[in-house]
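Peer 1: Taking the hints into account, I'd like the entire structure generated from these sequences.
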Amino acid sequence: MKRSIASVLRSQSTTLVAIIVVGTVLLGIASSGNFFSPIPFRTFFQFLAVPILIGLAQMITVAVGQLNLAVGAIGGVAAALSAVMMADAGVPVWLGAVVPLVVGTLAGLVNGWLVVLTRINGFIVTLATMTILLGAQYALVSTRTVSAANWAPLADIGKATVFGLPVIFLVSVVVAILVALAFRYTVTGRSLLASGDNPEAARLAGISNDRSVIVAHAASGLLCGVAALVSIASLPGINQSVGGDWLLPSFAAPIIGGVALTGGSVAVLGTVLAATVVRLVDTARAEFQLAPAWVNFVIGAVVLGTVALGRVRQVRQERRLGAERAREASSTAILEKTR
Amino acid sequence: MRSAIRAQLTTPRFLLFVIIVVLVAVIVALKPSFLNGAFVLAPLITSIAIFTVVGLAQMVVLSIGHMNIAVGNMAAFGAMISGISFDLFGLPLVAGIAAGLVGGGLIGALTGWIIARTGVNSFIVTLAMSFALLGLVPTVYSALSTGSAFVVKPAGFDALGRDSFADVCQFGYCGPAAIPVMVVPVIVVMVLVAVLYTKTRVGRELLLTGSSVKAAEFSGIPTSRRIVLAHTLSGVLAALAGILLATSIGSFTPSIGDEFMLQSFVGPILGGTLLAGGYVSVTGTLLGITLTLVIRKGLELFGVGIETLNVLLGVILLIALSADRVREIRLRKGRTPDASAPPPSDPARSADRSTEEVPA
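From first to last, the protein sequence lines are chains A and B. Per full-length UniProt numbering, the very first residue in the first sequence carries number 1; after that it's consecutive. Per full-length UniProt numbering, the very first residue in the second sequence carries number 1; after that it's consecutive.
In case anyone wonders, no lab produced these hints; they're calculated from the structure. Backbone N, C-alpha and C define an ideal beta-carbon position, used for all residues, glycine too. Some hints here could point you the wrong way.
[Stated by the list, open to error] If you want the footprint, here are the derived chain B segments under chain A, 3+ residues with CB under 8 Å:
no., segment
1, 114-126
2, 131-141
[Said to hold, decoys possible] Taking lysine to any residue pairs in the SDA-like style, the calculated list, with each CA pair at most 25 Å apart, reads:
no., chain 1, residue 1, chain 2, residue 2
3, B, 214, A, 260
4, B, 214, A, 200
5, B, 214, A, 261
6, B, 214, A, 322
7, B, 214, A, 326
8, B, 297, B, 44
9, B, 214, A, 262
10, B, 214, A, 312
11, B, 297, A, 139
12, B, 297, A, 142
13, B, 214, A, 311
14, B, 214, A, 197
15, B, 214, A, 318
Peer 2: Dropping the structure here:
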């Protein structure tokens, strides 16, 4: 029992919760309590939805040992296509809300399918599709901004709150819970993790690694689509910059949250908490009126630090285990000799 | 002898060369203005020169099987150091460029050191580095310069970036206006990199590290040091590309290097450099870059928008990589008889392979 409390205290999530609590208190003091008044509070959670969703989108691909450089581009195209359809083609709003989900899933399917079919490194495939999709996004909206007035009902949902919390934030939390349940209880989720952990072992256990890769990319694309939908609902308009700044946060959240980059593990709670920390950094930046570039710098440095520390910890642990094993081996050898 | 010629004719480099020639012929036939020396060819060759250096910056890390997501940001960082040395310290041209190259090299060395020390995937480390620099560079610019640009130009700055051989006259004869002066340093750099990989022990060791880290370690190569070296070189080359770009546009700005990342992969990969490491091609990188930039220039002449260009670049990258994949499979098939031979020759064989395949 004592040990489990100790391990809880040492886990990544506990550290993140502590950082969030301290950060929130400091921000509250720095803004002389203004941070806790309804409007800044709501804004904070409103703009937390997208980072959580794209962090989860990246986490799913990382779990199978892939990565998805196209998160921002998929989200951007999905949002742009839906916005243009609602504004120019007069597509009803409910249909416009479905479009990003479909576009995202399709784009993810294409990514996964290309990776499996060509056996090219997923990095390069998604780099190429990212470029293509960025071109498509620019072709769709070019330099204009499609105003949110074209989808007033959606925009209302984007502003709606339940008990002071924005609906879109609750949507992202529900999505996170669904992702966590899927990885814990469904066969597909377990096989994704198995493929990511050890493809050879997964193959021998009768799991199709190709299927895992395709499913992971498709699910990642779907989450990008949800993030696009949330952007449509919450932003004042959709233009070519939507999705442009998603890449770093999408990697930062799972990495800081404790997901192993080598695949085979997920940390939904950690990812959500890490996204919250990133959002806190951004809010603090706005509070102290620093240049937006600072956020990139801080997050880049934190990611580097997390990755390096995690690796050091892992090496130390391996060394300790090795030493233990060596001690055991030598003691058994002595036993055998005395016998 | 004949098989050697045939082998040359089936390399991706020859194919690229043919495609470029055909493409240029088609563009010239449709738009004779393509041959305008001072206004079309000179800018085209300038960007080919700059982006070839960008491609080489990626190629040296690909040679050890790593990648550098931060090429563009390292270019921006190196250029920033040069800009500061000119603007705030008033250094002469060569000293300022040297300072920038050292700056790029230090950032690259730091990246390589983190990768070698922690063993973390190069993708993640360079991604994090790229964002750290993405934050740092504009902050420094806005702190140290007015209007977010360093504009002081030392003597020879414009000559390096904008002159063509028409400005270089000797014995009453001037060179063609189509060829910018910048090609001279770039050719020197290309030759140096090619010599490194074909003639020196260190270059061989880099390639062997890329083919198989384990085999390299067993043959006594200090792989960690080679990893740091490759990333340092990448940083230096990226910084050089950034500085050259600054000389051609006339000032140092934080946006230098924004377009480098995709191109840096397209060039070497089109030219036959393997993503998995262990094989590089300097001429291939030049040809790959040339192809994409000729296409870009052609599209510009026909008035096609930038978005089509992006889509096209992505498609080219995918096709080129599928071709890369096919080539790899064929290579492996060609090697199957060897595979049944006793395995101890493995490291030696990969060393042989790199000897044969690196063009001089």
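Peer 1: List, from low to high, the hint numbers that the structure doesn't satisfy.
Peer 2: none
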